[in-house]
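A.B. asks: Add chain B to chain S, keeping to what the hints say.
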Amino acid sequence: MRTPLYDSHVAAGGRMVGFAGWDMPVQYSGILAEHKAVREGVGVFDISHMGEFFVGGPGSVAWLDSLLTNNVASLPDGTAQYSLLLNERGGIIDDLIVYRLGAENFLLVVNASMIDEDAAWMTNRLVEGVTFENRSAEFAALAIQGPLAGGIFEKLFGRGMPAARNRILQIGGDFVVTTGYTGEVGFEWILPATEATAAWQRTLEAGATPCGLGARDTLRLEMCYPLNGSDLSPDRTPLQAGLGYFVDLEKADFVGRAALVAQKLAGLPDRLCALRVTDKAPPIRPHYPVWVDGKPVSETTSGALSPSLGEGIALAYLPGEFSKPGQEVEIEVRGKRFRACVRKKPLYQKAS
Amino acid sequence: MNVPNNLRYAESHEWILVEGDTGTVGITDHAQAELTDIVFAEPPPVGKTLAAGEVAAVVESVKAASDIYTPVSGEVIERNDALDANPSLLNTDPFGQGWIFKIRLSNPAEAAALKDPAAYGAQIGA
Numbered sequence: 000m001r002t003p004l005y006d007s008h009v010a011a012g013g014r015m016v017g018f019a020g021w022d023m024p025v026q027y028s029g030i031l032a033e034h035k036a037v038r039e040g041v042g043v044f045d046i047s048h049m050g051e052f053f054v055g056g057p058g059s060v061a062w063l064d065s066l067l068t069n070n071v072a073s074l075p076d077g078t079a080q081y082s083l084l085l086n087e088r089g090g091i092i093d094d095l096i097v098y099r100l101g102a103e104n105f106l107l108v109v110n111a112s113m114i115d116e117d118a119a120w121m122t123n124r125l126v127e128g129v130t131f132e133n134r135s136a137e138f139a140a141l142a143i144q145g146p147l148a149g150g151i152f153e154k155l156f157g158r159g160m161p162a163a164r165n166r167i168l169q170i171g172g173d174f175v176v177t178t179g180y181t182g183e184v185g186f187e188w189i190l191p192a193t194e195a196t197a198a199w200q201r202t203l204e205a206g207a208t209p210c211g212l213g214a215r216d217t218l219r220l221e222m223c224y225p226l227n228g229s230d231l232s233p234d235r236t237p238l239q240a241g242l243g244y245f246v247d248l249e250k251a252d253f254v255g256r257a258a259l260v261a262q263k264l265a266g267l268p269d270r271l272c273a274l275r276v277t278d279k280a281p282p283i284r285p286h287y288p289v290w291v292d293g294k295p296v297s298e299t300t301s302g303a304l305s306p307s308l309g310e311g312i313a314l315a316y317l318p319g320e321f322s323k324p325g326q327e328v329e330i331e332v333r334g335k336r337f338r339a340c341v342r343k344k345p346l347y348q349k350a351s
Numbered sequence: 000m001n002v003p004n005n006l007r008y009a010e011s012h013e014w015i016l017v018e019g020d021t022g023t024v025g026i027t028d029h030a031q032a033e034l035t036d037i038v039f040a041e042p043p044p045v046g047k048t049l050a051a052g053e054v055a056a057v058v059e060s061v062k063a064a065s066d067i068y069t070p071v072s073g074e075v076i077e078r079n080d081a082l083d084a085n086p087s088l089l090n091t092d093p094f095g096q097g098w099i100f101k102i103r104l105s106n107p108a109e110a111a112a113l114k115d116p117a118a119y120g121a122q123i124g125a
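Just so you know, the protein sequences line up as chains S and B, in that order. If you count the first sequence from 1, position 181 lands on 180 in numbering that gives the first Met the number 0, and the numbers rise without skipping. If you count the second sequence from 1, position 3 lands on 2 in numbering that gives the first Met the number 0, and the numbers rise without skipping.
Check before you lean on any hint, since a few could be wrong.
What the hints assert, rightly or not - Derived DSBU-like pairs (lysine-lysine); straight-line CA-CA distance at most 30 Å:
no., chain 1, residue 1, chain 2, residue 2
1, B, K114, S, K335
2, S, K279, B, K47
3, S, K279, S, K35
4, B, K47, B, K114
5, S, K294, S, K349
6, S, K263, S, K294
By construction, these hints were calculated from the structure, which means they are not laboratory data.
Just chain B, with the same shape it has in the complex:
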């Protein structure tokens, strides 16, 4: 399983890329493999304010719907519209084109408290 070095991770298998006060959020390679074929994704609307740990998005495989949690608090500033037409990007490129939303961090300390790649890798046995 791929666990990129430049990201932080939530125990619930989301990743975040922090650049200044902006975070880009998606699900990990491990998560997409567990979820199997993703056929629908519902990223959060732009402007929505979320608290860390809150449900931000829903992704659905053929068999099940799964909640995606935001690892940090803030306001959604962009959603990945490409997932509307092509939700399988979550499977094929989870750390790239399969990103789900961008959030303006209201408390950057939350991101620092997330797992580093080594800790997340240990969690999933990578």
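In isolation and in its complexed conformation, chain S is listed as follows:
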């Protein structure tokens, strides 16, 4: 599939690759330059492949609270929150953002690869008094990220960017929210697909560097933001993934809650840990074996040579006893093992 911006990407020199069934740009000028643009300037990503669900009706708050881990009832109008959709075993189906557009009016933005599965899961559990619409095909979206994002916002919308994170502005038929996946300030702009090309052009003219999925991946990995399908799976819970902050076990029952409570009592079998390579090593990639005390205990779920740090970084689920910061491990690359160390998240912190 192609987003409405496919031709714009090709025109901007985008190198197109397959991602979750979509032809997406992995890079334009180069991943390192694009990564740096977002850390030091401002970049724009096409995220039109992501899904948009609209939920409404008098039962919408209770229904969303019965399906998602975070507390929807406590979410103020005009703000957004990160949340998780779980199976009965407490495993992660998807991670998503819930936008509260009004008291009984919500927008959910979900991963491109999960649109159909999420929509089926939710519609199968639909109750009286709730409307659910998958309108993914109607919308495009841009993520504009970096320390200079505020200037782009002003040029585009003629007003200042909200200083607070997770704030939603509805401008015409568009939703503009101060969220992102890079660790930088910025905003995500969800708009009708028919307006995408003009919006992309205006954003480039305002000074944003076009950035592809390659930089998006290195930026998010430095922040230890998980990627569903790599770091998150239906076989592991948000507690294991280190996302307990986004799980409200105190609210009324939700799908997966019982499994999470039981797992908390029993103790977590493993935890998603951030690793920093201490030896000079090749770039770490997913599915490289992780060793502790001369034994293979796990494998990486994500990995890269961090452009900001100049060192190898990775995520891996490690058994509880090996999951503390300071734990020394080894990562195997093509039959050779390189030393790495469990670190506190995030792996990258901006100098202030």
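C.D. replies: Only chain B this time, still in chain S's reference frame:
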């Protein structure tokens, strides 16, 4: 794309400069452009014996690791240590400072059978 006239080329985008019984091997301008930002290179160790077409080195971009094949058989007599600290030489100077290894040819006829610049240029549409 630059395709220097004094080199021979493998279909898998390595070049070789033959001087007497010694060959210097690297990757082409076309290859480095396709690989994008190279962030790691692992040239073969000195003393290693390689057969033509065998994996000799690995270069990695941010997104992927790629095998580099030796276009000729022989013994590795030198590796480019500069790539350890500065793998981006493969991008910036693929036919010069970005060379990967030198090999003592055990069968010089192999080099003669490689593509000439015109044939390689045609392959990449240069």
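A.B. asks: Each hint needs a verdict: does it hold in this structure or not?
C.D. replies: Consistency of the hints with the structure:
A distance of roughly 35 Å separates the Cα atoms of B:K114 and S:K335; the hinted pair therefore is violated under the 30 Å criterion. Simply put, S:K279 and B:K47 have alpha-carbon atoms about 22 Å apart, close enough for the 30 Å limit, and the pair holds. Taking the CA atoms of S:K279 and S:K35, the gap is about 22 Å. The hint holds against a cut of 30 Å. A hinted pair counts as satisfied when its Cα atoms are at most 30 Å apart, and B:K47 with B:K114 qualifies at roughly 25 Å.
Our distance criterion of 30 Å between C-alpha atoms is broken by S:K294 and S:K349, whose separation comes to about 35 Å. A hinted pair counts as satisfied when its Cα atoms are at most 30 Å apart, and S:K263 with S:K294 qualifies at roughly 27 Å.
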